[in-house]
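Start from the sequences, fold in the hints, and give me the full structure.
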Amino acid sequence: MDNKFKIKFRGVRGSYPTPKANFLKFGGNTSCVEVNLGGNLVVLDAGTGIVDLGNELVREHILSSPNPPERKTIEATILLSHVHQDHIQGLQFFKPVFIRGSKINVFGLNISNEDLKDTLQDVLFDRVFPLGIDDVKCTFNIENLNDSKVVVIKQGDKARILDAVDFVPGDYTSGDVVITFHKTQAHPKNGCLCIKISYNNKVLVYATDKESYVGSDKRFIEFAHGCDILIHDAQYTHQDYVSPVAPKQGYGHSTYQMALESAKLAKAKRVLFFHYDPNYDDRTLEMLEKEFSNPADGIDFAKEGMEIIL
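For the record, in the sequence shown the residue sitting at position 258 is 258 according to this note's numbering, with numbers rising by one throughout.
Think of the hints as simulated: they come from the structure by calculation, not from any bench. Each statement offered as a hint is correct.
Straight-line alpha carbon distances no greater than 27 angstroms define the calculated DSS-like cross-link-like pairs of lysine-lysine that follow:
hint : residue 1 : residue 2
1    : Lys8      : Lys25
2    : Lys117    : Lys149
3    : Lys72     : Lys103
Please read all numbers here as calculations on a predicted model, not as lab measurements.
Right under this line is the structure:
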């Protein structure tokens, strides 16, 4: 059995997709990171980057057998950091949702006191899409998440949500997937979940839509401490962040300097910048890459299609 911890960036753009020729080097799809953990598929956010992932999963499903009942079941757990459009706008075009027999979990941070299912039904399906959320053919399990929950996937079992107080680390081995959460309030208007995945003695922290505080976010630093890889929001340059014309402070996103400070204080072994401003084309990001990237020190820019094995 393949027990590798594999990461593939499906969408690295923030706010809205940029389908233009001069955005192709870094990628124009919005937030989506595919994580394969010993055969368990976990997807971080469902921006437009999830569409190509879905197409590939359906293609593999069809090719697995000429006889439909014998085809390999598509199973995935999608974790939504929050429900802003750039993190959910690909979900209704994720083809496995419409394949009978697929088993799709969607766990995510919801706004106010509504159920996540009600929110997704309202903003993605019934009002704005030809099909309602109850018309999909897969087994569609949608549940609310917050930072008092833990998601676990034991070997050979399905993903489960536990209350953190009921989670006993000694009940799990390095071959099980354990996912914990930290809610940052510094993203209007309802915060955002940072996600930590532990598997096979390796740790990934996904920190999109996170703005740092002066002197850093101490709770986040503790949450991410010692991680093997930190995927960190870096939407703005410092100049745009403090612009006298259109300042971005308070928008819930970090600068490159903020991301680097977080990585340094958390002692992350590797950091990848993520969630680029849609106004930054390849030329702009290439200039920023020359300034901030240092692969020898584990500092790099996420690019659509990039794959990493931990």
